[in-house]
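Novice: Chain residues, written in single-letter form:
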Amino acid sequence: MIATKTITWFPACRVEDVPANGGVCVKYNNTQIALFHFARRNEWYATQNECPHRMQMALSRGMIGSQNGEPKVACPFHKKTFSLVTGECLSGDECVITTYEVKVEDGRVYIAVEED
Amino acid sequence: MKVVVVGNGMVGYKFCEKLVAKNSSAHFEIVVFGEETRPAYDRVHLSEYFSGKSADDLSLASKDWYVDNNIKLYLGDPVKSIDRVTKTITSHSGITEQYDYLVLATGSSAFVPPIPGVEKEGVFIYRTIEDLELMTQWAKHSKKGAVIGGGLLGLEAAKAMLDLGVTNTQVIEFAPRLMPRQIDEAGSALLQSKLESLGLTIHTSKNTTAITGDESIKGMSFSDNTSIEVDMLVISAGIKPRDELAKSSGLDTGARGGIVVNDKLQTSDENIFAIGECALHNGMIYGLVAPGYEMADVVVAILTGGDKSFTGFDMSTKLKLIGVDVASFGDPFAIGGEVKSVVLNDSMKGIYKRINISADGKQLLGGILVGDAEQYNMLLQTCKNKVVLPPNPEDVILGSRGGEADGGAGILSLPDDAYICSCESITKGAICSEVENGAETVEAIKKCTKAGTGCGGCVPMIKDLVNYTLKAQGKYIRNVICEHFNYSRQELYDLVKIHQLKTYDEVLDKLGTGDGCELCKPPVASILASLWNEMILEKGNDTAQDSNDRFLANIQKGGTYSVVPRIPGGEITPDKLIVIGQVAKKYHLYTKITGGQRIDLFGAHLSDLPLIWEELIAAGFESGHAYGKALRTVKSCVGSTWCRFGLHDSVSFAIQIEERYRGLRAPHKIKSAVSGCIRECAEAQSKDFGIIATEKGWNLYVCGNGGSKPQHALLLATDLDCETCIRYIDRFLMFYIKTADPLTRTATWLNKMDGGIDYLRNVVVNDSLRIVQELEAEMQLLVDSYKCEWKEAVENPEIRKRFNHFVNAPEEKDPTVVFDPMREQKRAKEWK
Ligand code: SRM
Ligand SMILES: Cc1cc2nc3c(=O)[nH]c(=O)nc-3n(C[C@H](O)[C@H](O)[C@H](O)COP(=O)(O)OP(=O)(O)OC[C@H]3O[C@@H](n4cnc5c(N)ncnc54)[C@H](O)[C@@H]3O)c2cc1C
Ligand code: SF4
Ligand code: FES
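Top line first, the protein sequences correspond to chains B and D. Counting from 37, one number per residue, gives the positions in the first sequence under the working numbering. Counting from 109, one number per residue, gives the positions in the second sequence under the working numbering.
For reference, chain B alone in the conformation it holds in the complex (with noise of 0.2 Å):
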């Protein structure tokens, strides 16, 4: 059997609600999402909100840059950090946070959801 996985592309924001090089935390039914606009790369990157290590809603609420040009997230509690690629702990613990795909088109961000 196949298992057929649907990928839904949200409409999160507009471009303008999203401070440039910082981020914003986004609904989508009961899971909060955190959407970055990386301006100096322009790039964006979405992952979940909360930090694993104790369990905080505020990954959105982190300073963002970048460690050897990889970009990544600081935790706002006590400084963890996240590649915003991967979503792999840069700073040594075992723990991977989920990362989504995003677009922008007509001024509008896209966040990629997965549905089974």
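Some hints could be false.
[Claimed, not checked] No more than 20 Å apart at the CA atoms, straight line, and that leaves these computed lysine to aspartate or glutamate pairs for DMTMM-like: (1) Lys694/D - Asp708/D; (2) Lys355/D - Glu378/D; (3) Lys940/D - Asp129/B; (4) Lys171/D - Glu125/D; (5) Lys355/D - Glu143/D; (6) Lys161/D - Asp239/D; (7) Lys899/D - Glu723/D; (8) Lys63/B - Glu920/D; (9) Lys115/B - Asp654/D; (10) Lys817/D - Asp433/D; (11) Lys909/D - Asp53/B; (12) Lys63/B - Asp716/D; (13) Lys921/D - Glu86/B; (14) Lys921/D - Asp53/B; (15) Lys126/D - Asp371/D; (16) Lys647/D - Glu52/B; (17) Lys937/D - Glu86/B; (18) Lys115/B - Glu591/D; (19) Lys63/B - Glu919/D; (20) Lys909/D - Asp129/B; (21) Lys116/B - Glu920/D; (22) Lys940/D - Glu86/B; (23) Lys188/D - Asp377/D; (24) Lys116/B - Glu591/D; (25) Lys665/D - Glu86/B; (26) Lys416/D - Glu125/D; (27) Lys605/D - Glu642/D; (28) Lys647/D - Asp53/B; (29) Lys457/D - Asp468/D; (30) Lys494/D - Asp468/D; (31) Lys940/D - Glu130/B.
Derived by calculation from the structure, the hints in this document are not laboratory data.
Fit chain D with the ligands to the given chain B structure using the hints.
Specialist: Only chain D with the ligands this time, still in chain B's reference frame:
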């Protein structure tokens, strides 16, 4: 060749470690018997078990280590007999092993005086992890504790009782004073008063005659016909060398215990060695770990064909953990016509220091430190290495923090063969050469030499040595901010100013590389604020702020925020108090009086912050900058307006100061206080700058700190009028803002400053750099451009819209925020 080691304690293990390190050709077969069920652990730090260390943390090496190094380890199986003719030993479980050499490292046990009743339940000794486990169990339903023994270990046991929650604990010492073997009478007296202030009750010259109770302990009675009620007792009255195995095998032992050894640490049987606390060398039992390690080293040298002997060891010690610094080194009691003693006895500060100096004033023979033992390591090395003392020997204890020289007894004057780490016997020369080989951090030095991995007391010296060596190599130790900026904060400050840069992106484009990160964004944002004092959330600088600055509030557990309105000098009207109460009620906030004389409201949802502040601002409040690296509070005492001792109006002056510097952003937060007289109720001497009224004006103190490493502020200038005082503060703060590293409080900044307080005074008071006019003008600019940033935020719709949890559902709050009720208020739900 086969070596059997009896005892797997600290010294037995160190012997194995050293032998393995020298046993490259696998020449030796090693077998170890341990009576305890765990492999060797760090007994010295046993008490840290109560502050959260686990048995695993204390372990010196895992079982795998023994396997990996081909050591056969039998645990929980004590050796019961030695047959010296056939050279075999037999263990309790019946295992027999043949040996070529036998090493006895059986340590010691607690000495339990023959007091009737010692066998009762609730009476403990303090030696092994098992003892601690038993004590922890019993302490759960214990209220009144006692410790027999006021020596090094007894006091550590007393602290352990406090940690176990038995806060009503009494220490019973037989001698007329505490720690009689290490410190003199005056030192003991000070120590006793300090311990009493920790909550311990101390009895000296007290002889326990009976332990009373039925099955378990209920009380103790003494020879002076007094008695006390007690439900838990720890006996720590000294140690008794474990020489029973040696004795039954016919080896020589001392009358008062201990296995007799010569300088080669051989017992009366040349194939049997004894090391550590069980060995009696020259009539002496060494109850410390460092001499034991030295003994292990000697035996390893001898077994591997070297020539080394043990010629005694210094008994210098430092008491750890009790919350009072106590140390004694060299000969602490040296007296007589030939010896001069310098004594510093400051009962106000609770410091007692004594050094004993040779008749010619050149050598340090020993000494005692109570209340402040920071110089212990330095003094110990000065003493051991016979370093020539400076012309005024008292300089070495008067402490020259911030003064010019460090009394000539600095780390540089130590010879290369001076031991820096006594636990691992690592010399200054060894550390310096590793630094030269590229081990440029304390961590690297620990890895390659093991220095600093024992008791840890030498770590500050290692750090200094690393820095000195790097400096001597011409390596300039520059604290660059992160991978994106190859500049120190001070350089960046000057460059941003010269280039007139106003936003984080401009700074990064002009002076940095890449995209920035959480390490460089906050300092750069802080520099911009210190230079231009523009609204911190405008011009795209919002996302360069640390997240607390970005939302103008401190984030709390669960993701809500705190609200701290400014209450200058701690003075507040009844009407304003009512407003705070009303706002707290309306937004369901937890309220608490802070340690900074103001009120903190906790548990605000992000989207409520602008609403809350709108109401507070309408009532005349302003931001308290509790979230910023900025001026926090200027505490005041009530002063001359009401207080019968007050010399000047400290409240008015505190308000004036707080209003002058409110909103000022700096490398770290800044705190201040103003006291109306020397009783110092505002605690000004613990602040970054503190002001105390005198008959003639104000004394200005700078660079104090509370927090984790408290430090008293130092006097900068005396008897100032208000205006001069403010001018000096302007200069002082501006100089700090321009030159300190990120996240460096004024105290640390001064500690690292070449020339210390004298240099700072020259800059601020005597204008040695000819910059004070500029400093004053820069500060005036900041003072004049102050605006309340919360007022600006609530009035600016662009900024205001960022205060929502969901970008696509601004009216909804974060559903994951949960509170628990507590004492008629609420608290954040505990996180996982
Ligand atoms: C609320 C308060 C405790 C209280 O309930 O009384 C408090 C609470 C916090 N302190 Fe404090 N400190 C408070 C007085 C103090 C004091 C006492 C004082 O100011 O008189 C000290 C020691 C004095 C000093 O700073 O030298 C103090 C030393 C610290 C430190 C250590 C600073 C240091 O240099 O060692 C930190 C950590 C830091 O700043 O990096 C800290 C950090 C914090 C933070 C900001 C931790 C954080 O990042 O979340 C806490 C959050 C408060 C909030 O959200 O509002 N707090 N903190 C006090 C607020 C005072 C005020 O009105 O502003
Ligand atoms: C609470 C506490 C705090 C201390 N603080 C300090 C300090 O700050 N500084 C300092 O220098 N020292 C301190 N010490 C002392 C230090 O721990 C000892 O000097 C050190 O442990 C001695 O090592 P050792 O190997 O000789 O003896 P131990 O570590 O006691 O090891 C001996 C081992 O041999 C075992 N054994 C005995 N007989 C046999 C047998 N027949 N067969 C097999 N095994 C046997 C014992 O069970 C034990 O495990 C402290 C001690 C305690 C208890
Ligand atoms: S510091 Fe002095 S003047 Fe001020 S309140 Fe305290 S006792 Fe009174
Ligand atoms: S909760 Fe994110 S780092 Fe701790």
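Novice: Can the restraint linking lysine 63/B and glutamate 920/D be considered satisfied, given a maximum Cα separation of 20 Å?
Specialist: holds (10 Å)
Novice: Would you mind confirming whether the straight-line C-alpha gap from lysine 116/B to glutamate 920/D stays at or under 20 Å?
Specialist: Given pair lysine 116/B, glutamate 920/D is violated - Cα atoms ~27 Å apart, limit 20 Å.
Novice: Tell me if the straight-line CA distance from lysine 937/D to glutamate 86/B falls inside 20 Å.
Specialist: holds (16 Å)
Novice: Regarding the pair lysine 63/B and glutamate 919/D, is the alpha-carbon distance no greater than 20 Å?
Specialist: holds (12 Å)
Novice: Are lysine 116/B and glutamate 591/D close enough, with their CA atoms no more than 20 Å apart?
Specialist: Holds, at about 17 Å.
Novice: For lysine 909/D and aspartate 129/B, compute the direct alpha-carbon distance and say whether it is at most 20 Å.
Specialist: violated (34 Å)
Novice: Given the hinted pair lysine 647/D and glutamate 52/B, is their alpha-carbon gap at most 20 Å?
Specialist: holds (14 Å)
Novice: Decide if the proposed pair is consistent with the structure: lysine 909/D and aspartate 53/B, CA atoms, cutoff 20 Å inclusive.
Specialist: holds (9 Å)
Novice: Under the criterion that the straight-line Cα-Cα distance not exceed 20 Å, is the pair lysine 188/D, aspartate 377/D satisfied?
Specialist: Holds. Lysine 188/D to aspartate 377/D sits at ~18 Å (cutoff 20 Å).
Novice: Could you grab the alpha-carbon distance between lysine 605/D and glutamate 642/D and see if it respects the 20 Å cut-off?
Specialist: Within the cut-off at roughly 14 Å; holds.
Novice: Taken at face value, is the distance from the CA of aspartate 239/D to the CA of lysine 161/D at most 20 Å?
Specialist: With Cα atoms ~15 Å apart, lysine 161/D and aspartate 239/D stay inside 20 Å; holds.
Novice: Is the straight-line distance between the alpha-carbon of lysine 940/D and that of glutamate 86/B 20 Å or less?
Specialist: holds (13 Å)
The structure does not agree with the numbered hints 20, 21, 29 stated previously, though it agrees with the rest.
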